[in-house]
Amino acid sequence: MTLPFSMADWLVIAAYLLLLVAGGWIFTPRKTESAHEYFLAGGSVPAWLAAISVLSATQSAATFLGGPDYGYHGDLTYLSGNIGGLIGAIFVAHVMIPRFYAIKATTAYEMLTLRFSEKATRWAGGMFLVGRVFAGGARVYLAAIALAMVITGGVDAQGIMIAAAVLVVASVLFTFVGGLKSVLWNDLIQFVVYLGSAIAVLVFLRMSIPATTGDIIQGLANTPEGVNKLKFFDFSLDLSRPFSMLAIITGLSLLYIANAGMDQDTTQRLLSCKDAKTGARSLYLSVLATIPVVGMFIVIGLLLYVFYDRPDLMGGATAAAGNEFGGEKISIFMHYILTQLPGGLRGLVTVGICAAAVATTNSALNAMSSVLVQDFYRPWREKRGPAPERHFVSAGRAGMGVIGFAMFVMAVVSFYWQRYSDMGLLEFALQVMVFTYAGLLGVYFTALFTGRGTTGSVIAALLVGFVTILLLQPGIAHAIGLPPILNGLSFPFQLCIGTVVAFLVCAAPAGSGKHMAPAK
Numbered sequence: 003m004t005l006p007f008s009m010a011d012w013l014v015i016a017a018y019l020l021l022l023v024a025g026g027w028i029f030t031p032r033k034t035e036s037a038h039e040y041f042l043a044g045g046s047v048p049a050w051l052a053a054i055s056v057l058s059a060t061q062s063a064a065t066f067l068g069g070p071d072y073g074y075h076g077d078l079t080y081l082s083g084n085i086g087g088l089i090g091a092i093f094v095a096h097v098m099i100p101r102f103y104a105i106k107a108t109t110a111y112e113m114l115t116l117r118f119s120e121k122a123t124r125w126a127g128g129m130f131l132v133g134r135v136f137a138g139g140a141r142v143y144l145a146a147i148a149l150a151m152v153i154t155g156g157v158d159a160q161g162i163m164i165a166a167a168v169l170v171v172a173s174v175l176f177t178f179v180g181g182l183k184s185v186l187w188n189d190l191i192q193f194v195v196y197l198g199s200a201i202a203v204l205v206f207l208r209m210s211i212p213a214t215t216g217d218i219i220q221g222l223a224n225t226p227e228g229v230n231k232l233k234f235f236d237f238s239l240d241l242s243r244p245f246s247m248l249a250i251i252t253g254l255s256l257l258y259i260a261n262a263g264m265d266q267d268t269t270q271r272l273l274s275c276k277d278a279k280t281g282a283r284s285l286y287l288s289v290l291a292t293i294p295v296v297g298m299f300i301v302i303g304l305l306l307y308v309f310y311d312r313p314d315l316m317g318g319a320t321a322a323a324g325n326e327f328g329g330e331k332i333s334i335f336m337h338y339i340l341t342q343l344p345g346g347l348r349g350l351v352t353v354g355i356c357a358a359a360v361a362t363t364n365s366a367l368n369a370m371s372s373v374l375v376q377d378f379y380r381p382w383r384e385k386r387g388p389a390p391e392r393h394f395v396s397a398g399r400a401g402m403g404v405i406g407f408a409m410f411v412m413a414v415v416s417f418y419w420q421r422y423s424d425m426g427l428l429e430f431a432l433q434v435m436v437f438t439y440a441g442l443l444g445v446y447f448t449a450l451f452t453g454r455g456t457t458g459s460v461i462a463a464l465l466v467g468f469v470t471i472l473l474l475q476p477g478i479a480h481a482i483g484l485p486p487i488l489n490g491l492s493f494p495f496q497l498c499i500g501t502v503v504a505f506l507v508c509a510a511p512a513g514s515g516k517h518m519a520p521a522k
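Per this note's numbering, residue 3 is the first one in the sequence shown, and the count goes up by one each step.
Source of the hints: derived by calculation from the structure; they are not laboratory data. Glycine included, C-beta positions come from ideal geometry on N, C-alpha and C. A few of these clues could be false.
[Unchecked claim] Lysine-lysine pairs mimicking DSS-like chemistry, simulated, CA-CA at most 30 angstroms apart:
id, residue 1, residue 2
1, K276, K121
2, K106, K385
3, K279, K106
4, K121, K106
[As the list claims (entries may be wrong)] Here are the computed distance ranges between Cβ atoms for each label pair:
id, residue 1, residue 2, range
5, L204, F237, 52 to 62 angstroms
6, G297, Q160, 33 to 43 angstroms
7, P226, K276, 48 to 58 angstroms
8, G318, T215, 24 to 34 angstroms
9, P390, P476, 28 to 38 angstroms
10, L204, L473, 40 to 50 angstroms
11, P344, R383, 37 to 47 angstroms
12, L473, T341, 34 to 44 angstroms
13, F407, S8, 30 to 40 angstroms
14, P381, S8, 48 to 58 angstroms
15, V415, G216, 11 to 21 angstroms
16, G453, F206, 54 to 64 angstroms
17, Q160, A213, 41 to 51 angstroms
18, W12, A213, 48 to 58 angstroms
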């Protein structure tokens with residue numbers, strides 16, 4: 003039975019809103035004069051704050067809801083994906099960040115102007131905007147699932163639209179005035195809130211299970227189904243498995259390289275530090291901090307499995323598990339929140355989900371606005387005469403409104419997309435990112451490691467990468483008659499194929515012979 007929100011829950015939510023307002027007032031700069039200050043916080047961000055902001059930008063409601071869902075249905079193999087994160091961080095820290103700082107880049111795509119042309123930069127920035135609207139909208143949708151249950155009592159299309167609108171409007175308001183500096187400090191607040199709520203629910207859930215820790219570990223390692231839910235490494239060669247070791251050292255490593263070095267949402271934070279060394283340090287810190295944070299959500303899922311499916315560890319009685327709310331599918335964690343958590347804690351966890359969503363959306367809005375202004379609007383405007391820096395700050399704020407609306411539309415589209423695909427929440431959130439990453443990876447690898455390629459081949463590679471991933475989607479792959487081995491590929495292997503195809507297209511013309519020289 004779903005428990006109604008109590009006065010304690012609403013008080014927690016009210017306290018959270020007051021905290022956000024206070025944080026916005028304290029940390030928002032009273033006057034932002036330049037685009038460098040607005041989009042990169044003046045290059046004054048310490049490594050620890052940039053790391054937390056990167057973590058907040060990459061974690062989302064997908065982790066908050068999808069992590070427990072993965073732990074409940076699966077094992078610990080998702081955590082081993084952090085090996086790919088470390089591989090990606092090493093590459094970005096040593097190959098890409100020094101080059102970005104050497105050219106004093108504001109966005110991740112300005113490097114392509116030196117290697118190819120301004121047109122190539124605009125196309126790469128445009129592909130990022132498309133991809134981030136996809137990914138940002140999907141994450142807003144996942145948070146809207148939880149918020150819709152509170153606001154409207156349902157998770158139908160209307161409820162999702164209302165909840166998504168609330169989240170996007172709140173994010174725009176908190177990002178609008180202060181730019182990246184405001185976003186960074188609010189990311190810290192959101193991180194503390196959602197981490198604290200996760201710790202609270204983990205403690206409460208563990209106290210609800212009468213078995214000893216040793217018995218729980220033994221029960222998870224030897225389930226009645228004969229499955230080891232504590233398995234950390236998957237050495238399977240099955241290409242449909244997204245978190246096998248083969249997938250991790252190939253496609254997931256590429257995913258992390260693209261996310262940290264070619265996705266302005268993350269790269270912007272790494273460029274806001276005083277120098278390349280500090281930016282690289284913040285990246286390593288964020289990767290290391292991800293492991294215990296994500297691990298906690300996976301462990302919540304493992305304990306939910308014990309709580310619902312193991313009466314032998316629950317003293318003979320378990321609660322009824324469910325994955326529907328108002329006829330719509332939801333995650334097992336949301337079912338637990340709605341039916342088992344006491345007043346106050348239920349409100350805190352709901353706030354935690356919203357905090358994860360707002361932090362992610364804040365960062366996406368500022369990152370997309372920076373690309374829209376710096377890579378598109380500024381070159382166009384400066385060709386028509388000089389303009390004061392405050393003009394570009396105002397342009398960035400206007401761009402946020404447009405981008406916010408696009409993310410809202412994508413959140414509604416995601417409602418139908420995820421139901422059609424019937425994909426897990428974590429996999430769905432990661433899947434939508436690879437559509438644009440394939441082309442970007444192919445272009446950057448060409449720019450970094452060859453002297454080949456032209457502006458035309460850059461544009462072709464970005465488009466071909468997107469189309470390749472689209473054609474590899476299971477339903478489409480089957481419909482167009484692709485070989486069985488390509489029908490049902492998990493997203494890491496789709497990304498591998500898309501990247502190779504995009505690289506071959508981009509590197510096909512001879513080009514200028516100019517390499518991107520390493521930064522000194």
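For each hint, the structure was consulted:
1. K276 to K121: 29 angstroms, holds
2. K106 to K385: 21 angstroms, holds
3. K279 to K106: 14 angstroms, holds
4. K121 to K106: 19 angstroms, holds
5. L204 to F237: 52 to 62 angstroms: Given a distance of about 29 angstroms, which is not inside 52 to 62 angstroms, the answer is violated.
6. G297 to Q160: 33 to 43 angstroms: Taking Cβ atoms as reference, G297 and Q160 lie about 36 angstroms apart, which means the hint holds.
7. P226 to K276: 48 to 58 angstroms: 56 angstroms, holds
8. G318 to T215: 24 to 34 angstroms: 19 angstroms, violated
9. P390 to P476: 28 to 38 angstroms: 52 angstroms, violated
10. L204 to L473: 40 to 50 angstroms: Since the Cβ atoms of L204 and L473 sit about 42 angstroms apart, the hinted range of 40 to 50 angstroms holds.
11. P344 to R383: 37 to 47 angstroms: 56 angstroms, violated
12. L473 to T341: 34 to 44 angstroms: 42 angstroms, holds
13. F407 to S8: 30 to 40 angstroms: Holds, since F407 and S8 (Cβ atoms, about 35 angstroms apart) stay within the stated range.
14. P381 to S8: 48 to 58 angstroms: 55 angstroms, holds
15. V415 to G216: 11 to 21 angstroms: Violated, at about 47 angstroms.
16. G453 to F206: 54 to 64 angstroms: Check passed, 59 angstroms falls within 54 to 64 angstroms.
17. Q160 to A213: 41 to 51 angstroms: 42 angstroms, holds
18. W12 to A213: 48 to 58 angstroms: Hint violated: Cβ distance 34 angstroms, outside 48 to 58 angstroms.
Checked against the numbered hints listed earlier, the structure breaks hints 5, 8, 9, 11, 15 and 18; every other hint is satisfied.
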